[in-house]
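A.B. asks: Residue numbers (the UniProt record's numbering), protein chains in the order written: chain A, 1 to 242; chain B, 1 to 242.
Keep in mind that the hints were calculated from the coordinates and are not lab data.
Pairs involving identical chains hold if they fit within one copy or between any two copies, as the list cannot separate such chains.
Computed list of lysine-lysine pairs in BS3-like fashion (alpha-carbon distance at most 30 Å, straight line):
1) Lys-207 to Lys-81
2) Lys-143 to Lys-207
3) Lys-62 to Lys-207
4) Lys-62 to Lys-143
5) Lys-62 to Lys-81
6) Lys-126 to Lys-143
2 protein chains.
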Amino acid sequence: MTYELYYWDGIPGRGEFVRLALEDAGADYRDVAREPGGMGEMMTFLNGERGPHVPFAPPFLKDDDLVISHVANILRYLGPKLGLVPADEASRTFAHGLHLTLTDFLTEIHDTHHPLGVDAYYEDQKVEAQGRTARFLSSRLPKFLDYFETVLSANNGNEGNLIGGQIGYIDLSLFQVMEGLHYAFPRAMRDSGNRWPGITALQARVKERPRLRDYLSSQRRLPFNESGIFRHYPELDVEAEG
Amino acid sequence: MTYELYYWDGIPGRGEFVRLALEDAGADYRDVAREPGGMGEMMTFLNGERGPHVPFAPPFLKDDDLVISHVANILRYLGPKLGLVPADEASRTFAHGLHLTLTDFLTEIHDTHHPLGVDAYYEDQKVEAQGRTARFLSSRLPKFLDYFETVLSANNGNEGNLIGGQIGYIDLSLFQVMEGLHYAFPRAMRDSGNRWPGITALQARVKERPRLRDYLSSQRRLPFNESGIFRHYPELDVEAEG
Chain A
1 MTYELYYWDG IPGRGEFVRL ALEDAGADYR DVAREPGGMG EMMTFLNGER GPHVPFAPPF
61 LKDDDLVISH VANILRYLGP KLGLVPADEA SRTFAHGLHL TLTDFLTEIH DTHHPLGVDA
121 YYEDQKVEAQ GRTARFLSSR LPKFLDYFET VLSANNGNEG NLIGGQIGYI DLSLFQVMEG
181 LHYAFPRAMR DSGNRWPGIT ALQARVKERP RLRDYLSSQR RLPFNESGIF RHYPELDVEA
241 EG
Chain B
1 MTYELYYWDG IPGRGEFVRL ALEDAGADYR DVAREPGGMG EMMTFLNGER GPHVPFAPPF
61 LKDDDLVISH VANILRYLGP KLGLVPADEA SRTFAHGLHL TLTDFLTEIH DTHHPLGVDA
121 YYEDQKVEAQ GRTARFLSSR LPKFLDYFET VLSANNGNEG NLIGGQIGYI DLSLFQVMEG
181 LHYAFPRAMR DSGNRWPGIT ALQARVKERP RLRDYLSSQR RLPFNESGIF RHYPELDVEA
241 EG
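Isolated chain A (complex conformation) (with noise of 0.2 Å):
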């Protein structure tokens, strides 16, 4: 069976997410969009002429006849199917509600660079974004990291992973939350040092997987830029307050 995923093409995004989880499994899937015609058949889905359960927007995975949108609902799909969570419901439950946590994490990174929307430029909100951005990395992103942290050592499995004893497809999209923060907000990720032992040593880890590896310098990964949820503008990268 062949996944295929449907998401824009030129930043890593969300459609990230569930690459990690398909290239550490070794899954066979299509990136249709990044096909040649691949765009327009992503919009059939968009515009509705591809059956009743229409997706509000990409990224969106079909397996077959099902159409399943976000992120974490194609995640918590995936999981038992590519071997990325325990199977007990307990740990089911407990996996998608921290990528639920992450979705939100992720939305707030976001709104650093668009706090006044996303209909208006970064460039006109710049002075905004400065003050979002501020109290962001003094803390909502500990308060983020640090639930993180608290949940890799609660964790009695011995790979220092989030959810029983080996890593998950919550491992892998925490792995890229932090690769992304390093990106956008280098000094502010150097100033906090070693706050965050647990999650550093997860990052290290995820990144030598061997199927991740040869993906991680592959074609197929793309780089973040200025387009996606992680942007780098030094001028928000300030020094995290007390």
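On the provided structure of chain A, position chain B as indicated by the hints.
C.D. replies: For chain B alone, kept in the frame of chain A given last:
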């Protein structure tokens, strides 16, 4: 089995989406944090004293040994148990995706009054809130509601509901969002006329469901207020632009 809902007292907030499903189904539940001593009980979960599956924030639901975080995750779990979603996987997956779109919509609704972040007072971001709300009302609100109207139209169910043949949890949640929007932005919603006839009809129908009618007029139903997601600030409720 008595479900235990944990959510802040004093605001309808995100907890209300879970309450509506439980009330509509006539389920047996405790609204723990609204009981004497309940706030302390809620905090034991958030402080990690009740096992490794620590929630990031309320609401969360406890059912036997299972702790479930995030509204969409909770309703995905409760839906089949309460008879509020069709049984087939495609419908359940679509319902969950729709709720995640509502979650994104809710975040944008909240951010109209807090564009610079949750750590600053509304009074200190009033000007920015006016700019963000104007764009929200003219662009984002119609985008989301047009989408749900499209989904309603695409469903061949004959009760004017979003999925399958009868009202489910996703319809109850859309009802709550509409109630909140009319509370927060009465002028803008009135100015939109009858742009979303399907949603408007659904909203009226949900309100007349026998168990919900009783609930909505009870003391258990918390009114909207200016500490919640939906806030009525007249200075933000301007006419929608063209």
